[in-house]
Amino acid sequence: MIVDSHAHLEHELPVNQLLQAMDRAGIDRAVLLAAAQETMPSIPRTGTALLRGCLRVEALRIPVYRIARKNRRLKPFTRPDNDSVLEAARAHPDRFIPFAFLNASLGAEAQDEFDRTIDAGARGVKLHPWLHDYRLTDALPLLQRCEERGLPVLAHLGLGPAEDVAEVLDKLPRLNLVLAHGGIPHFEKLWRLPRVRFDVALPALVSQSTVRRLLAAVGPDRVLFGSDAPAGIRDGHGHRYPEPPPLPDRAMGDNALALLT
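261 is the number that my numbering gives the last residue of the sequence shown; the numbers go up by one with no jumps.
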């Protein structure tokens with residue numbers, strides 16, 4: 001079974017069109033997340049090449065990551081629309097695995113949304129410290145609840161140091177943590193840590209060479225296929241999954257499903 005472990009439900013790609021794209025690519029199921037922001041602007045090929053080049057240089061990663069966050073074209077949703085995700089999963093339970101997209105910077109409100117969405121059927125949690133301007137350690141109260149409930153967490157890291165991840169893992173030894181986009185912006189520093197898993201969503205951020213280096217560093221059991229649809233499957237004429245990255249079979253689905261059992 002092939003599982004896309006990182007797909008967003010956005011106006012750009014509504015449920016039926018996402019299912020069509022999945023069917024064309026032979027994707028059986030998808031971890032479904034609410035939209036993180038208003039339609040993500042396309043990155044020109046030259047911009048993608050420049051971004052990838054900067055990400056290869058450790059000294060440039062955080063400065064470039066900070067500059068990208070200040071892009072005025074980014075318009076994040078403070079409160080992502082979890083209801084649309086839950087509704088899609090109820091309509092297509094054999095295709096979508098709903099995660100609750102929470103904003104830890106909202107404090108008690110985020111805790112209430114955790115209760116509401118998990119009770120409604122969400123099977124994991126998505127955090128986005130980069131867009132929502134907080135450090136992963138600021139989310140410890142939510143992460144502790146995820147650990148207690150056995151819920152996997154997918155996190156797109158913000159501008160905090162790599163040590164934040166180590167601190168979280170040390171304080172929550174049973175937490176199932178997946179870092180989006182290969183662990184951007186720290187990559188290799190995080191690949192040395194035990195237990196943490198990584199998705200390879202969005203080719204603009206995770207090149208095939210990065211995928212190969214990641215696999216060599218952490219092995220096949222801690223890597224998950226993901227697309228970051230719709231942004232990750234735009235093909236210039238619509239939405240179509242590109243050729244999958246060079247992943248072993250278990251990384252294409254079994255590793256994601258193991259987190260949900």
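You may find that some hints are simply not true.
[To be verified] In silico DSBU-like pairs for lysine-lysine, Cα to Cα no more than 35 Å straight-line: (1) Lys70 <-> Lys171; (2) Lys189 <-> Lys70; (3) Lys75 <-> Lys171; (4) Lys189 <-> Lys75; (5) Lys171 <-> Lys189.
Hints were generated in silico from the structure; no laboratory data involved.
Flag every earlier hint the structure violates by its number, smallest first. Hint check: nothing fails, all pass.
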